[in-house]
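Protein chains in written order, with the numbering used here: chain D, 1 to 350; chain Z, 351 to 776; chain P, 777 to 922.
Bear in mind the hints are in silico, worked out from the structure with no lab data behind them. Computed from a predicted model, the values in this text were never measured in an experiment. Glycine included, each C-beta is placed from N, C-alpha and C at the ideal position. Heads up, some of the hints might be wrong.
Restricting the straight-line Cα-Cα distance to at most 25 angstroms, the calculated cross-link-like pairs of lysine-lysine (BS3-like) are [to be verified]:
#1 Z:K619 with D:K185
#2 D:K242 with D:K224
#3 P:K882 with Z:K698
#4 D:K203 with Z:K698
#5 P:K823 with P:K882
#6 Z:K676 with D:K203
Here are some chain Z residues the structure puts well away from chain P; computed CB gaps all over 12 angstroms [stated by the list, open to error]:
#7 F461
#8 K513
#9 M651
#10 N738
One letter stands for each residue in the lines below.
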Amino acid sequence: MAKIKVVHYINQFFAGIGGEEKADTPAELHKGEVIGPGTAFAAGFGDEAEIVATIVCGDSYFNENIDAAKAEILGWVKDLAPDLFIAGPAFNAGRYGVACGTIAAAVQEELGIKSMTGMYVENPGADMYKDKTYIIQTKDSAAGMRDAVKKMTAFALKYAKGEKIGASCEDNYMNQGVRVNFFEKERGSKRAVDMLIAKLNDKPFTTEYPMPDFDRVEPNPAVKDMAHATIALVTSGGIVPKGNPDHIESSSASKFGEYSLAGVTDLDADTFETAHGGYDPVYANEDADRVLPVDIMRDLEKEGVIGKLHEKYYATVGNGTAVASAKKYGAEIGKRLVADGVDAVILTST
Amino acid sequence: MRLEIGKINITDIRFADSSKIEKGVLYVNPDDLKPVVLEDEHLKDVTFDIAKPGESVRITPVKDVIEPRVKVEGKGGVFPGMIAKVDTVGSGKTLALKGMAVVTAGKIVGFQEGIIDMTGPGAEYTPFSKTLNLVMVCEPVEDLKQHDYEKAVRMAGFRVATKIGELAKDLQADETCVYETCGIKEGIEKYPDLPRVGYVSMLQTQGLLHDTYVYGVDAKQIIPTIISPTEVMDGAIVSGNCVSACDKNPTYIHQNNPVVEDMFAEHGKSFNFVCQIITNENVYLADKERSSNMTAKLCKMLDLDAVIVTQEGFGNPDTDLIMNCKKIEAEGVKTVIVTDEYAGRDGKSQSLADADPAADAVVTGGNANEVIILPKLDKVIGMLDYVNVIAGASDKTLREDGTLEVEIQVITGATNEMGFGYLSAR
Amino acid sequence: MLHALVRHSHFLSEVFRVKYSILTNNPMVSDKFSSSHEVLFCDTSAKEILGKASEMIAEGDTILNHPLYGSVKPNETPYRTILLKKKGDPSFTQITKEESAELIVKALRAYEKFTDKKGQIPPEVLKDYQVVDLALASSAVESADR
């Protein structure tokens with residue numbers, strides 16, 4: 001059988017070009033070259049597969065020129081026509097993870113070429129792409145390279161050869177939200193007894209069927225006296241003072257911002273804009289009240305419907321931001337609002 | 351209560367002139383068994399057949415699977431309230447014929463599923479491809495009502511299993527297992543440092559073809575109660591359930607309840623296995639509330655630290671399962687629940703009809719909607735007449751080459767919710 | 777809007793503890809109960825029966841039996857019978873209007889998971905489905921009238 005042809009995608013760091021300062025390195029095609037982690041993959045593949053080319057791209061370059069970078073890379077991969085496309089592993093590097101997920105998913109969807117990547121479960125790229133390509137679960141840093149390469153190599157060979165992929169726990173990929181049957185080593189009753197003993201002894205156990213996400217929040221009682229209430233605005237729509245002073249990222253935001261509304265009655269194109277990269281920004285940039293309705297709130301304030309609009313507002317970008325991060329921001333924003341004596345909040349998204 | 355189960359290993363079943371068990375071989379003369387079946391005026395005829403592991407045989411539609419047993423010491427007889435008198439069973443000694451089963455088959459309703467393949471991919475999904483099966487296909491008298499037909503076949507199965515079990519009465523067991531539970535006080539004194547655990551088994555009790563009997567009582571009329579698992583080994587719980595082949599609990603699985611067996615293995619080591627609690631799965635919502643309240647209360651009154659909860663069937667019972675889990679957890683008793691899933695053919699739908707965050711420890715018997723191609727086998731015991739209308743089938747089921755495209759829900763025991771099988775899903 | 781045909785409406789509420797109606801598309805259920813109970817017979821699909829039930833719940837009725845009763849899967853059996861307690865009936869209410877609505881929503885969701893058997897069922901098998909549906913409905917009626 002002919003060797004399986006693999007194209008490998010890595011970032012500037014793993015290619016040895018440099019760290020953050022070289023993150024704007026444009027995409028490069030290295031035909032016939034095996035670079036960085038590719039060497040470990042090649043060793044793992046033995047005679048069964050070979051890396052026919054390595055594509056290197058800076059993380060900032062990819063994420064900021066996403067359409068161009070994607071098109072260029074897809075063009076190369078199409079010409080190379082590999083049997084399998086591997087990106088990463090990205091471990092817990094957020095932008096690298098998103099790049100790996102984006103390009104692997106695109107190769108699969110647009111070129112119909114099998115693709116896979118690897119990263120840490122909390123990498124924002126994992127949530128975004130685990131149902132669009134196979135993502136092998138790795139440790140959170142490059143110290144887990146050996147383990148990652150071992151798992152990814154085993155999966156790559158199985159996948160490229162067209163063997164049946166088992167359930168996520170059997171083949172070490174992240175669950176794609178699809179239930180897959182497989183035969184366990186122990187019968188169900190024994191697994192139940194073992195789980196019971198673990199639960200009794202407060203030891204960790206893994207449920208075989210996680211209940212659907214019930215992250216439901218009980219609504220607070222209605223505000224009785226709106227006429228004297230202080231109301232705050234909070235948005236995940238990325239509305240920031242012009243120039244984005246805190247550099248909130250257009251996707252996978254790593255922070256939220258706190259901004260003053262003192263003396264502001266209307267948001268306009270000269271003073272506010274959106275940092276959000278996930279929707280067409282034209283209308284938000286034209287009039288940011290469309291996302292963060294300060295103008296209406298001021299009207300209500302004047303009419304006496306509400307006591308007053310809180311003098312600060314909070315904003316982040318909900319575009320691909322990890323749920324864990326969003327929770328953290330929410331908790332912190334909540335704490336500050338309570339400290340400021342805010343009675344109620346209007347949350348706006350996009 | 352203390353029960354010895356003496357195991358008689360059956361290595362072959364053969365038709366012969368006289369019925370007996372010799373050197374592990376069960377010899378059966380169908381003429382001995384026929385009158386036992388036809389005692390019931392509702393049945394016109396019966397045919398017996400033998401299906402062995404590895405043979406190119408398909409049995410369908412399967413109604414019940416029963417392990418022949420006979421009581422040799424202690425009070426009562428097997429299947430109390432059904433065959434034997436309603437004495438309390440579960441102590442003394444019982445002999446069980448291992449490696450074989452009596453399988454009842456016959457079309458009670460047109461859409462009845464239940465396939466046992468003795469070879470091929472389907473055989474991997476059913477535990478009964480590994481047993482030597484004595485199959486009885488019962489034919490009803492004309493115009494027999496479905497209710498009466500179900501009852502006639504159900505009872506005929508128990509009578510035949512009892513008759514065969516009796517052949518073993520004077521035999522020496524190949525192996526003996528002892529199962530013993532303590533009284534409440536005795537257990538506390540004996541295992542002062544061990545957590546107290548119980549087993550809540552939910553019985554299918556929705557109505558015709560969805561019934562379970564406890565000592566002869568239709569379990570939809572019980573309020574939850576405690577029972578010694580050894581009573582169940584003597585046939586105190588029997589199945590009258592014909593629908594949902596993959597996740598119904600045939601009588602055989604009650605007799606060999608896997609949760610009970612695996613809990614006994616840890617009894618006195620990791621925990622004190624206190625008792626089994628039985629509850630039902632009625633269709634009426636107020637009944638569900640009452641039963642789950644009672645079940646949770648019993649767990650509390652027995653001072654249990656944890657329980658395993660198993661269910662039977664699809665849809666409606668998911669609600670009972672979640673109610674039980676939620677209310678038992680609310681009493682401070684930890685739970686592990688055993689279920690199966692209907693996640694759709696693509697595995698993308700929500701698996702259960704109900705859900706709750708309290709159910710944080712779940713064991714699954716797999717996705718019953720998974721599609722499988724069953725090859726054409728040389729022989730069919732029973733009939734394939736309505737195979738296109740059984741659950742999980744479609745008009746494309748019976749393919750031109752004789753293969754069947756079905757969901758695994760048609761296979762008897764495929765996704766058993768007592769954890770009898772090895773199938774799971776992630 | 778579904779066309780609901782009220783066959784007979786003997787209001788024997790004083791006899792029963794719970795005042796309810798039986799919504800069904802199963803002719804056998806209608807035949808058995810229409811002389812003793814209020815039966816709303818709709819000649820429609822099982823799924824539409826659930827839809828009709830949810831309209832009645834919106835008006836204030838509450839459901840008495842589980843809408844996914846029976847191991848015969850949604851879309852396999854063409855029949856569905858739902859017991860609905862009337863708005864304003866003073867007897868105890870097990871579940872609220874909201875919980876009733878949620879049960880119906882969950883049941884309707886289950887219909888997406890199973891192949892629709894419409895038109896593939898031979899008439900003799902249809903009868904069997906009716907019998908089983910009647911048995912399961914009767915088990916609910918028994919509980920309700922107890």
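_Hints numbered earlier in the text: which of these fail when held up against the supplied structure?_
2, 4, 7, 10
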